[in-house]
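Protein chains: 2
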Amino acid sequence: MHRLAKIGLAAALVAGVSSVAMAQAKPEEAIRARQAIMRVVALNFGPMGKMGAGEIPFNRDAFAAYATRLEAVVTMNPQNFFVPGTDQPVAGAKIANFTDARPEIWQSPEKFKSAMEKMQQEVGKLARAARTGDEKTMKVQAGEVGKTCKGCHDDYRSK
Amino acid sequence: MHRLAKIGLAAALVAGVSSVAMAQAKPEEAIRARQAIMRVVALNFGPMGKMGAGEIPFNRDAFAAYATRLEAVVTMNPQNFFVPGTDQPVAGAKIANFTDARPEIWQSPEKFKSAMEKMQQEVGKLARAARTGDEKTMKVQAGEVGKTCKGCHDDYRSK
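Chains as they are written, first to last, in the numbering used here: chain S, 1 to 159; chain E, 1 to 159.
One or more of the hints may lead you astray.
Copies of one chain are not kept apart here, so a pair can be met inside one copy or by any two copies together.
[Unchecked claim] With a straight-line cut-off of 27 Å between C-alpha atoms, the simulated BS3-like cross-links for lysine-lysine are:
id	residue 1	residue 2
1	K150	K94
2	K136	K113
3	K118	K94
4	K159	K113
5	K111	K150
6	K159	K26
7	K94	K125
8	K147	K111
9	K26	K94
10	K111	K136
11	K26	K147
12	K94	K139
13	K159	K94
14	K94	K111
15	K94	K50
16	K26	K136
17	K125	K139
18	K26	K125
Treat the hints as calculated values from the structure; they're not laboratory data.
Excised from the complex, chain S in its bound form (with noise of 0.2 Å):
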């Protein structure tokens, strides 16, 4: 097999937390996977978006830490376990769940999986702005980050 062709199938296979193993997976832990993934992000997001509307100090290489985690952690793809029949709780399910998703994600999942898409490229380039060290360079790139966070929940994500 090519090395590239090799590289695109481990892509997919580690794309494959998601789309294989996620096939198999009840929906219940569909669930329960995408919030935790998405729990993971907000909890690297979250301070940095704080340091960038200068709600709690600048700190430049706890900024530059959680930047890089959130870049390894969006490579999950949470996108990928929005699968088909998780638009509700699973009912009788043993681990409790509940979702918050909206039907629109399931009614145009291509818009979805763009924006979810734009996400995972906004945060590659927070990374790289945190790898400058440039302070402002940081802290704009964090309100770019907020701005497609704020939109994906706005459109797919009940109050």
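Add chain E to chain S, keeping to what the hints say.
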């Protein structure tokens, strides 16, 4: 400052941020945070554990990607989220919550902390093993990480 020292400092600061932030957080938020982190740990370690045990085919690139991401995630120090008052589900909380944490965590917090740090060390070794690219080294170390998972779950997680 040396690059490694810088990374160490950044990690310490971020761990610091999580301690401080969590001291102010509601107990149900701490429970949700630690469960999300541990779920993301499981989503990444799961396939590596299965590759190590020969349950799914070995894929060097996928393994390496999981290991790198896992190394980043465990620096979130999930042990810091087992704060006082989170040994029981929080009644009446807005966020649905439950916990499988056993009272031993709060009875012997230093022992629990050591066990979690051992896990972090073994995950660090796993990432280094993945960077060698040697299949046997990677599989053996996946086994070692699996043992620390199981050890902690046996002692500190309800069945």
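Query raised in the report: Which of the numbered hints are not met once you compare them with the structure shown?
Result: 2, 3, 7, 10, 12, 14, 16 and 18
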